[in-house]
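Chains as they are written, first to last, in the working numbering: chain G, 11 to 317; chain B, 21 to 310; chain E, 0 to 618.
Don't read these hints as lab results, they were simulated from the structure.
Possibly wrong hints are sitting among the right ones.
Unchecked claim - Computed list of lysine to any residue pairs in SDA-like fashion (alpha-carbon distance at most 20 Å, straight line):
id : chain 1 : residue 1 : chain 2 : residue 2
1  : G       : K167      : G       : A142
2  : G       : K167      : B       : R199
3  : E       : K133      : G       : A227
4  : G       : K167      : G       : Y183
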Amino acid sequence: MLNLALRRIGGILLTLLVIISVSFAIIRLAPGGPFDQEQALSAPVRANLERAYGLDRPLGVQYVRYLGALAHGDFGPSLRQPDFSVSELIAQGLPLSATLGLAAILVAALSGICAGLAAALWRSRGADLSLAALTALCIALPSFVIGPLLALVFGVKLHWLPVAGWQDHSARYLVLPVVTLALPVAAYLARLTRASLLEVLGAPFVRSARARGLGAARVLWRHALPPALLPVVSYLGPAVAFIITGSLVVESVFGLPGTGRYLVQGAIDRDYPLVMGMVIVYGALTLLFNLCADLVCGWLDPRTRHE
Amino acid sequence: MSEQVRILPRCGWGEAKWRLLGNRLTALALLLILLIALLALLGPLVSPWGYDTLDWQHLAGPPSLTARHWFGTDRLGRDLFVRTLDGVRLSLAISLIASIMSLLIGVTFGAIAGLAGGRLDGWMMRCVDVLYSLPYLFIVIILTTLFSRGSLAALLVALAAVGWLTTARIVRALTLALRRREFIEAARATGLSGPAILLRHVVPNLLGPVAVYATLIVPQMILFETFLSFLGLGVQEPHASLGSLIYGGAQEMESAPWMLLVPALFLVVLLLCLNLIGDGLRDAFDPRER
Amino acid sequence: MACVTPLTPASAEASPLLRLSGLTVSFDTRAGRTLAAQEVALSVARGECLGVVGESGAGKSQLFLAVLGLLAANGHAHGSARFGDTELLTLSPAALDRVRGRGIGMVFQEPMTSLSPHLTIGQQLTETLVRHLKLSGRAARLRALELMQRVQLSDAALRLSQYPHQLSGGMRQRAMIGLALAGEPQLLIADEPTTALDVTIQAQILSLLAELKRERAMALILITHDLAAVAAVADRLVVMRAGRVIESGRVAEVLKSPRDPYTRALIAGTLTLEGAAPVPAARPPNAGAAARPGACALTLEGVNVQFQVGHGWLAPRTALTAVHDVSLELPAGGSLGIVGESGCGKSTLARAALALLRTSSGRVVWMGQPLDGLPAHELRALRRDRQIIFQDPLGSLDPRMTVRQLIAEPLLVHERALSGADRDRAVAAALAGVALGEELANHYPHQLSGGQCQRVGIARAMILRPQLLVCDEPLSALDLPTQAQILTLIAELRSSSRLSLLFISHNLALVRRLCERVLVLYLGRMMELAPAALLYDSPRHPYSRELLAAIPSLDPAIASGRLGQVRAGEPPSPLSPPSGCVYRTRCPYAAAVCAERVPVFEEVQPGHRVACHRWRELP
């Protein structure tokens, strides 16, 4: 188990290093650099500025300084919003995005797993078909279709919920975004849970447990559920990644001032430090969550725990 | 969020064809896709409007037969019938090309890794693992940021760069499973040389699962492309992609809902049908109880 | 036509513990209602063992699953199943739970997957003990330990804290038996308890079941396709076919004078030593034969095969020695059997002999020509004379090719000059040679039965008329009647051409029928090499004796006597073999010298060699 953890952490550090290096390369080497503005600067002024920003040092030194800055949480200045540094922008938007993401994953996990369990335990032809159809729909629909549609139905036509925005920071503005984010994940979790539980319920060891007279409830709770939930837990890692990417769209559609919107805007404006800073933060978060999910899974499964 | 292709299907092609067509849902999906493709090719010829012709008399107008704006118009007065069908064509074309590219790269990579085995396989798969754990969307965003916006090449490269990883993994798993199968060993015992085994035994057994996977990768590519276009990073004005149309429609949702609903409907139907066909193909090759 | 002995009160002395009458089990499937068992009537009394015999799919397991109310959701049971005074089929689920485990215990046939993987053995045991016997936690743990010791699980205390995946197949089966006994049931149903286990472990499990039955005066129902197991343990038996009981009675009577033809076929299909006719000696070489008389077709000298195992960036790789220092000679036209249990390296050895694997050291010589060092294309050309048939009949055929393409493939490699018509003729002749109809030529492997697939494999191997045929457990995946047919086919092929045969199997009775000489392998090392007659009559090595003792016999007296000789012990792991003689951990005659020095493979008589320090002293 320790072996597994060390290997995975090593892999993640390597990946993070790759991300950071790529971002450094792009910032320094891509066209449209910090000083290629509309007006050409005179040579001495340019040289001064470069010395001030440390851009005249060799690339290797710049790289190390960049790494050092990162370690202090300093992603550099934003190009298009010169009053703010990237870290400040991230700090502004992160709380909202984090709330959105967390709420979405919780809602998705709870509703998806419960729906899947119910579908597996109370099987009927009608229920199976309708669940299959519903989940297929939710999985196939991209979030940028679901979001506007939900907003159309519940916001414009029914006037139950606000269509967009984030005024007065009330939770009502988060309902539709969270549902949009959570829906595909919940659908997939429901299908996965149902399939996994059905497979486990048909497994020889469950039959064995019943044959020992342990009672249906106990067999379900103690013998069937833990192995059935293992693939579900392992999916939560990729699910978080999905929600993180989905949040870009959702924040865009619903006009929420989170980090996702900065990222997209930054990409459009070619604000490299902002984009790369965001990428590093998002990347690190994704990797972290995947690692946690993997480790939890590895710990839950006795086969990996006792290699 | 695609599901893994089952390893090594059990039936021959002939049986699979019958089972595929016999599955009513899949047949319906095939029909729908053909209809949409036909419409996308021929529709714009029927309409009097071009994709960027501005009709000042019908700005953000609802669908009407008299004005021959069968799907309505957008805010600038452009006919949505033609634009939507253009979007369908563009999305389909881009996705198909990107799918083929990522398939070629992925299959080659995966097959080499699976067949070579040993250390080469180890290193190749480590590359894939590192690239896989990079949040792919961000790679795409980086790539589109680097190139000029609207560059089709950049979009294609970005899409293919994301898709080949999963293909490589699946093909490698298939190849590894194949290598361990006894009929490969039997072929060696018969005296076939390595390349002969590859051609006669490995490739035909890979084609089936790869074909199934290919049909599932196309809707994924459509999703990526429309996603990017929605965010403004993909297809640019004045061209239309389903993604950018949906974005425009979402802006005008309160006053002109058809601007959102029409492209959304097309996208949903496309994705559903392609997924159904993929599922049907997979079931046709390896039938199982539901 | 059923030949059922009527159940007079005399044949079930006490009133039967379990009595089934008119029991029918059916399933609702897409194709309608299928019957798994029809109108089954049987009974078992306390202290008695009933064997339920039949091929797989005969409905035996489903019958008892129905009795316990464990059928799948689309299964239905009609009729009567009385346990003591209670009618089981009409019990409420809660009442059934009380019967399960406490009145009737069941052991299932897949020890690999019948234990919950995420709970320790101890947790699963104490759970059952607390539930049925209402023991306190501490008392339950003590009782669990006792149970595990009673089922002869080594290191019982350790096993209780281990997870199922850490135990071997035999250990898991013992744990399952212990679990089933935890509730102190009056009836134990054992569903194929010995399939998927090694021959010697099978004997141990059967012996354990017999002891437990005696000790606890339990009723025991043994469901199996293995008649020999029934002969060893059961008092009465019931033969089932396609869901119906076709014969029943006392074991000795039924086995000696079966009435139903199907029973007779089953008995004939069970290969025992008693029925084995000695193999005719190899035909003397023809006068014009190119090979010198007595020339060796295949020679292995000091062959070693090692694999590197271990994975990952950080884990070190260790060497696994699959075959250690094996030397053998196979004369042209002769036949050599290689026997041993799973993991003894016999398959690896076969592949090394065919140069399908690289040897780590040692030489393989074919017809006087050493094979290592040959360029690849020459090696491939030599393959036409040396062919192999595999254990998995379906797996060894490319699922995408028709039978015709499969059989013709060797021709495409070695006889390229043949025209299409000639090839087709050759394929037709090959099909005829293995008694397959020509209409099968356009079928795909998945449309054929196991036996037919194996015939295709043989046709493919024989089409170029090779001089050596290696058979890697070709019968173990087939059912009994088919085994007999393929065995006859191989014997015929051998006698009609001067085929040298290298036959690998774990089934000693089978090898007796085909091979003149036998090599016994254990953990990749040679234990004994002898002419078949000598080996079976007077084996010198203790392992050979253990293997022989585990051969099935259909005579109940002999069979139960053999059970008494069964020894305890699991095979050691090939990653860390014992020092000195690798068999010493299981050998009842092990002495100090056995741990110090590796025994030399020395001669007992010309043609008979053994690797044991103490063979001279042993009886």
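Hint check:
1. For the hint pairing K167/G with A142/G, the CA-to-CA distance comes to about 28 Å; that exceeds 20 Å, so the pair is violated.
2. Taken as a hint, the K167/G and R199/B pair is broken in the structure, with Cα atoms around 59 Å apart against an allowance of 20 Å.
3. Our distance criterion of 20 Å between C-alpha atoms is met by K133/E and A227/G, whose separation comes to about 18 Å.
4. At roughly 16 Å between alpha-carbon atoms, K167/G and Y183/G fall within 20 Å of each other, so this suggested pair holds.
Violated hints, in rising order: 1, 2; the structure is consistent with all others.
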